[in-house]
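S.K.: Using the sequences and the hints, build the whole thing.
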Amino acid sequence: MKVDVDMSICLLHGQCVIAAPAVFSFDDAGDLVWVAEVDEGLRADVEAAADACPEQAITFG
Amino acid sequence: MTETVLTAPELPWLDLADPAFSIRSQEVMAAREQAWLARTPYGLAVLRYDDVQKLLRHPKLRQGSYRWPALNNVTGHFARWWESMLLSQEGDNHARLRRMANPAFSPKLITTLAPRFTELATMLIDRFAAKGECDFIADFTEPYATGVICELLGLPFARWRELADIAGEMGLALGVTFRQDLPTIEAATQRLFAYVEELVEARRAAPKDDFIGMLIKANEDKAQLSDQEMLDMIVLAIFGGIDTTRNQLGLAMATFVEHPAQWALLAERPELARAAVEEVMRVRPTVTWVTREAVEDFTYNDTPIKAGTTVHLLSQSATSDPRVFEDASFDITAERKPHFGFGGGAHHCLGHFIARGDMTEALKLLATRLKNPRYAGEVSWLPDSGNTGAISMPLAFDPA
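Residue numbers (numbering that gives the first Met the number 0), protein chains in the order written: chain A, 0 to 60; chain B, 0 to 399.
Hints are computed from structural coordinates only; laboratory data are not their basis.
Please note: incorrect hints may appear among the correct ones.
Straight line, CA to CA, 25 angstroms or less: simulated DMTMM-like cross-link-like pairs of lysine to aspartate or glutamate [claimed, not checked]: (1) B:Lys107 to A:Asp27; (2) B:Lys336 to A:Asp50; (3) B:Lys59 to A:Asp27; (4) B:Lys53 to A:Asp5; (5) B:Lys305 to A:Asp27; (6) B:Lys207 to A:Asp50; (7) B:Lys53 to A:Asp30; (8) B:Lys370 to B:Asp138; (9) B:Lys216 to A:Glu46.
Being a predicted model, the structure only gives us computed values, none of them experimental.
M.R.: In structure tokens form, the structure reads like this:
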């Protein structure tokens, strides 16, 4: 499953990091990083992250 | 005394604790031109857009209003709840509770709830529309905001008055008159907990698949969600949902009363309602500032900030900052940078999809049915500092 974040609207709230810590994280510089190709087993987490994103910046499929 | 940024005489001083203080004042605009930062009785205040945006999610800052009761020398039932609920938690505890609550506030819910919002708003407007006048708070924003929460929690609308009163009285805690209102706040907090305990008992006997049902299920494993955490969470949903939306819709009407052409435009183009919500929250947010606290010493903008310092991010000042909003006047058709009315970062408002959805539906209907709204008497306001809004708002309009 592919995961993408539209960085033109992302405001770095970090709700995805809370919802799906195995997929999304902040690096030392405070930038958002994510696993672009994730295991199907994490679908529920990614979905929760996409739902929780206040800016609705996450797409997956 | 050691020279720190808190005592630096060259920084402007803003008396945030004064009930007469207003973030919309000339004083704040002048301070914002003088410096990005001001001193206040509660710590520091950040005034400009870029700095508020960066500091909202700065890794050296934690959510800061957990200390609000302590800052006001207040202990008791409200303080106990306030200091332990979701918003005051950080790290793993916060993440656990937030993950649990998120699904009940997902954007998917809005699609199913929007028709119910419209139904509720129509029912309320029908009650007073023919008269051409109402108290906009008592007759609309209060029952509407409470009705939405009743809908979300599966409560009968008939009990809205009781919940609205409790939320309003508890809400006094977020104003600068917290300490003097304490007896009212404490009584309201105890009533709400009694109400919620009764609700959980009833729901245990007759389970439902909704927010409370979900929490009851999680509570079967006490390590996942303790009894107290469950009650605290439901109290937060009621408290956080009613008072904020009630106040924000009142502030929306106040803004439109001052900008009648924008109201007429909204009636003509109801598809602007969603943008109108955002624009109102930019110029007149009910939450006029967001609080953070430094978890360790750090330097920002060459300014050393000591661990434990409270930092108020003045959202309302930031979103009228001329550095970013060249023409900051109220305009529901303007493309704007994001406002901070829902806070930001890990503690970004949990209920924002619902709040945005219910306020959008309300404004859409109100603009088409209440033409030419104007004040029909004196509006009574909460202090402009802290969480603000109208207590009563006599309104006259031409029914459509």
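S.K.: Against each hint, give a clear statement of whether it holds in the structure.
M.R.: Hint check:
1. B:Lys107 to A:Asp27: violated (33 angstroms)
2. B:Lys336 to A:Asp50: Since the Cα atoms of Lys336 (chain B) and Asp50 (chain A) sit roughly 22 angstroms apart, the hinted pair holds (cutoff 25 angstroms).
3. B:Lys59 to A:Asp27: With a Cα-Cα distance of about 13 angstroms, the restraint between Lys59 (chain B) and Asp27 (chain A) holds, given a limit of 25 angstroms.
4. B:Lys53 to A:Asp5: holds (19 angstroms)
5. B:Lys305 to A:Asp27: holds (21 angstroms)
6. B:Lys207 to A:Asp50: holds (23 angstroms)
7. B:Lys53 to A:Asp30: Since the Cα atoms of Lys53 (chain B) and Asp30 (chain A) sit roughly 12 angstroms apart, the hinted pair holds (cutoff 25 angstroms).
8. B:Lys370 to B:Asp138: holds (17 angstroms)
9. B:Lys216 to A:Glu46: holds (21 angstroms)
The structure is inconsistent with hint 1 alone, although it conforms to all the rest.
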